[in-house]
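Here the protein sequences come in this chain order: A and B.
When we follow the working numbering, the leftmost residue of the first sequence carries the number 1, and every step to the right adds one.
When we follow the working numbering, the leftmost residue of the second sequence carries the number 1001, and every step to the right adds one.
Simulated from the structure, these hints should not be mistaken for lab results.
Certain hints may be false.
Said to hold, decoys possible - Distance condition first, Cα-Cα at most 25 Å in a straight line; then the derived DSS-like pairs of lysine-lysine:
(1) A:K49 / A:K35
(2) A:K35 / A:K18
(3) A:K18 / B:K1117
(4) B:K1117 / A:K214
(5) A:K76 / A:K126
(6) A:K49 / A:K37
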Amino acid sequence: MAELSAVLATTHHPFYLKATTAPPESRMPQADEWKRKVESYRETLTAAKPDILVMVGADHFHQFFSDNYPAFLIGKQPTYDAIFYNEEREFGIPPYVLDGHEELSGFMLQGLLDRGFDFSVSHELKLDHSIICPIITTRPDADLPVVPIYTNIFAPPLPSPKRFWQLGRAIRSIIDEYPSDLRIAAVGSGHLSLELGGPRQFGETGPDPVFDRKAIDWLAAGDIDAILENVTHESMAGAGNATHGFMDLILMMGIAGAIPASYVDELDLFHTREMYMTWYPGGDPR
Amino acid sequence: MSRYYVNKFLYQVDRDPELLAAYKADPDGLVERWETEYGRWLGTGNRVEKTSWLSFTDEERRALVEHDYTRLFELGAHFFLTLTIFIALYNDDYETKSGPLAFQREYAVKLSHWLGKDYPTVAL
């Protein structure tokens, strides 16, 4: 059976690449510290020696629109193009082409259907920065085949926090059953408190540092009970209108299970707190 | 009110550099053109099937023509679509004049009367 060698849950900040490759005279003050933290985080994936990446993200109205917006979707393709024109324009992220892993995508889709998750599937999916940002930070060579999973954290009504946790648990059991000796790592990105297009956007800190502190501590401890007691769609909206991306971090903890994280780091940046977390369900390889 | 139709405008114009440039140069003309050439066609890529019943209210059309993102927020246009397209329209001009994030901060200030309140829903 396949081995789940690591689970990574990270915030995705689309300006990381631009901020850390700008000429020194125009770099933001935190750029060097940010780069050091990201490179240290990257080691937690490298050490797990993965062969395939199961990637979790959320299309930000790039391919999907409300004429047909899936709650949960998996890609099943040999290859994925990535990064849309308007992301390149705004964030300076270049286009990518990633290999896919059709066999695991198919096995995952069937396993999800068998477990009561009636997923949508795409055979012409283009990936956006929610998946490419963690590629840039944790696997910049982009040399591993991916199985992309998208969730709806943007277009309400949204699935519940509990459903994201349950989906993570289902993905985990499917990885555990995958008949292969390959090593699989799961890498997903989301947000802590975040405001976009509202009065709390682009402040000196994230919109709700108190939520951010609790959220990191809950995830680091594997405390799903506290999350499900405290985190609702309404409480997330109270922390910032785009905070619902936190549910993808809950999903990642669902893949790991209710266990303490082996690596926890964070960085307070202008308008957001960044978080870098890794679980090793089979033991820490470092 | 058609939040969906407003979002469709923001979505389609933001992802097309030619439409975006036209929206900056001649918003009135582009809104009218978009309705004829894009809005009334099914979904976001169909050139055969039409949608017969969608339209803007006068208030929605006015907010789009006037680049009035505060009003769009209050009408329940999706915050991500609105922010993204107005950054595309204004960020570079503001940055040249007043430095990084000047536009985004002004945007926040213009919405500051919503601090501490429940925001207008973006649910459809």
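Practice problem: With a cut-off of 25 Å on the C-alpha distance, tell me whether K35 of chain A and K18 of chain A pass. | Solution: Judged against 25 Å, a Cα distance of about 11 Å means the pair holds.
Quiz item: Are K49 of chain A and K37 of chain A close enough, with their CA atoms no more than 25 Å apart?
Solution: This hinted pair holds, its Cα atoms lying about 20 Å apart.
Quiz item: Under the criterion that the straight-line Cα-Cα distance not exceed 25 Å, is the pair K1117 of chain B, K214 of chain A satisfied?
Solution: holds (23 Å)
Quiz item: Does K1117 of chain B lie within 25 Å of K18 of chain A when you go C-alpha to C-alpha?
Solution: violated (34 Å)
Exercise. Verify the proposed pairing of K49 of chain A with K35 of chain A, using a straight-line Cα cut of 25 Å.
Key: holds (22 Å)
Self-check item: Pairwise hint evaluation, K126 of chain A against K76 of chain A, where the allowed Cα distance is 25 Å at most
Solution: Answer holds: K76 of chain A to K126 of chain A is near 11 Å, not above 25 Å.
Figure legend: structure checked against the earlier numbered hints; the only hint not met is number 3.
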